[in-house]
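*Asks:* Spelled out from the first residue to the last, the chains are:
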Amino acid sequence: MIGNSNHLLGLDGLSRDDITRVLNAAAGMKEISARKIKKVPTLRGKTIVNLFFEPSTRTRTSFEIAAKRLSADAVNFSGSGSSTSKGETLVDTARNIEAMAPDVVIIRHKFSGSPYMLADRLDCSIVNAGDGSHQHPSQGLLDIFTAREKKGDLTGLKVVIAGDITHSRVARSNIYGFTAMGANVHVTGPPTMVPVGIEAMGVTVQPFFEAAIEGADIIIMLRIQLERKSGMLIPSLREYARFFGLNAERLETANKDVLVMHPGPINRGVEISSEVADGPYSVVLDQVENGVAVRMAILYLLSGGIDEVVD
Amino acid sequence: MKWLISGGRIVDPASGRDEAADLLLEDGSIKKTGQGLTAGRGVKKVDASGLLVVPGLIDMHCHLREPGFEYKETVASGCAAAVKGGITSVMCMANTDPVNDCASVTAHILDKASQAGLARVYPIGAITKGMQGESLAEMGELAQSGCVAVSDDGRPVPSGDIMRRAIEYAAAFGLLVIDHAEDLSIAGEGVMHEGFVSTMLGLEGIPTAAALSEIARNIALVREFGRRIHIAHVSTRSEADQIRNAKAEGLAITAETCPHFFTLDHEAVRGFDTNAKVNPPLRTADDVEGIIEGLADGTIDAIATDHAPHHRDEKDREFDLALFGISGFETALALTLGLVQKGRLSLMDAIAKWTVNPARVAGLPGGSLADGALADVTLVDMDAQWTVDPTVFLSKGKNTPFTGMKLKGEVANTFVGGRMVYDREKGIIQ
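If you read the protein sequences in the order shown, they are chains X and F. When we follow our numbering, the leftmost residue of the first sequence carries the number -12, and every step to the right adds one. When we follow our numbering, the leftmost residue of the second sequence carries the number 3, and every step to the right adds one.
Wrong hints could be hidden among the right ones.
Listed next, the stretches of chain X that the computed footprint assigns to chain F, with coverage defined by at least 3 CB atoms under 8 Å from CB atoms of chain F [what the hints assert, rightly or not]:
| hint | stretch |
| --- | --- |
| 1 | 90 to 99 |
| 2 | 110 to 120 |
| 3 | 138 to 145 |
| 4 | 178 to 190 |
To be clear, the hints were calculated from the coordinates, so they are not data collected in a lab. Note that this is a predicted model, so its numbers are computed, not measured. Glycine residues also receive a C-beta, built at the ideal position from the N, C-alpha and C atoms.
Start from the sequences and build out the full structure, keeping to the hints where you can.
*Replies:* Now the structure itself:
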């Protein structure tokens, strides 16, 4: 269970305690990844299906490794080039997979809300690995885990999320998650990329990038998704980099121990300069490393595990 | 056939009557109204004590889906659902397949309606050929074959010039022009109202400005070129404000709204409920207020269902892919009475929005209980409470966001042309 659910669909509705429980479990999992033999029998006999309808390397691999380190059987199902391209509906595809009795289905889909549909209809646990522009809760949790690892208590910290907020599922999960942890979340980006009513999620909207960065403790730069609609909302990548990209000069106004995060894959020289991405404040690779541990914790807790890892 | 409806409370907005009286129906029309009428030989009697007796409801906006989409609804199943909902006349939109832009399609619909023998069906023809928005449909032929209005509903008429020519040309045949007010260049690929709920759900929004922009154009056309336009399914306060101003100016703009727009707001979409996906979309709580105010002060002339039945498979899918629409015949009256129960609309006004007003706007017979009027009558049990359960809908479309909602007010009987076509115990009477 995570919160009071056997699914992980989004970070809305999770309390600070709920999130802390996942983070604590993840801390135990991280230790496993540092061992010579990076495998425990905890989820032996469990079947975990990666149901990815959108191309993804990082998230899918991360979930797969997480499952395997816990000895679960992980199966990958790629939505493109399979039954879905033969006209099968999402619900039918999922029901067919369910007939093979998986314990957890991890779904990535281009349409917002798809994991909710499956959670309503299937008996197994559903993990949302990114649905449209809606949420990406495992990314949110690994960002929070990384932040907590570096900063300790997150209460009162200034967290800035910058970029295409409108089309970012990472932004929404991070807004809910960091807010629950007591941080002050600010969003910034070109006004075409900041959705109406976002204030209702408890964030401060800062129209000017420089002002947003000032005094920031954590900056989460979002990827300009060239393959999505982002392209219509800005005149050019060149102009985006110039006015909304994070470079070393702009970073100077942040707090001196600022953390720079990015969910990846990064567009070097667009939303983030190489200097910053590879620089001392960047925790981009820590995020990826922690991703495995956090996803191990998610799979573990949803498969009936209790808070502490037993091996 | 003769019927005596006795002991009921007659509410007839056409004459402003609200009184206890009996009603005698004879040969398809209302013979007389009065106290203590007695049933002579060969007169069937229905005891209406405790019931409301109103003119049969006129729904000026629905989709019967035939021809082409019989798996969603047929004229027969739609008419059965309508009379169960107390609706005795329906105006059905042209977005069938093929589109109703010629006499043969109109004739097909009318033929199916006469076979069904339940509600009166008044087809709406297309404004443009194939609803492509490019050239005018043959409106003369449409009018001659039985269409009472033209609309490309489901789609706006994107070209302002075509819309101008449409209102000019339609006037020659007395056809009402109904516009689905949505500026597609603003609506984009939106799937719900653009606001904080769409932001939280990560769904593409349809801004209010999409509706407003199209209405502003329509008003400008009527102001300059005269004639009239009826605005379909008004969903926002700002549209109501514009229409109010246009009416104050004396322009021939009329408007309708739908029960879902004064009952639900965009919060209903939370949880990605595809049954709450409708176009125009459910708007904000303030818009709901604005719509109710618009109904109360007469800005919005009529209430129509925009009954849009869909097959289960078309709703049971990802929100982005699910089709727009609500199956509305069987909940419309009770939802309207909800406004009366809350004290937001007088009973007289509520009934007027469903009877005399749409009759006047569309130039239809009916909508009145005057002597000699069509014997289309609906009897309503105002105290009956029921819970919305789409599995018992007579419509093939089970797509409703109101499942489980407790409503008060139930149709007891429906008469069309002096014949009882629905009884709540017996169901449809063929």
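*Asks:* Hint by hint, say whether it matches the structure.
*Replies:* Consistency of the hints with the structure:
1. A count of 3 residues in the stretch 90 to 99 of chain X with a Cβ less than 8 Å from any Cβ of chain F is obtained; the coverage claim is therefore met, three being the minimum.
2. Look at the stretch 110 to 120 of chain X against chain F: 3 of its residues bring a Cβ nearer than 8 Å to a Cβ of that chain, three or more, so the hint holds.
3. For the stretch 138 to 145 of chain X, the proposed coverage by chain F is not satisfied: 0 residues have a C-beta within less than 8 Å of a C-beta in that chain, short of the threshold of three.
4. Requiring three or more residues with a Cβ within less than 8 Å of a Cβ of chain F, the coverage given for the stretch 178 to 190 of chain X holds, as 7 such residues are present.
In summary, the structure is inconsistent with hint 3 from the numbered list given earlier, while agreeing with all the others.
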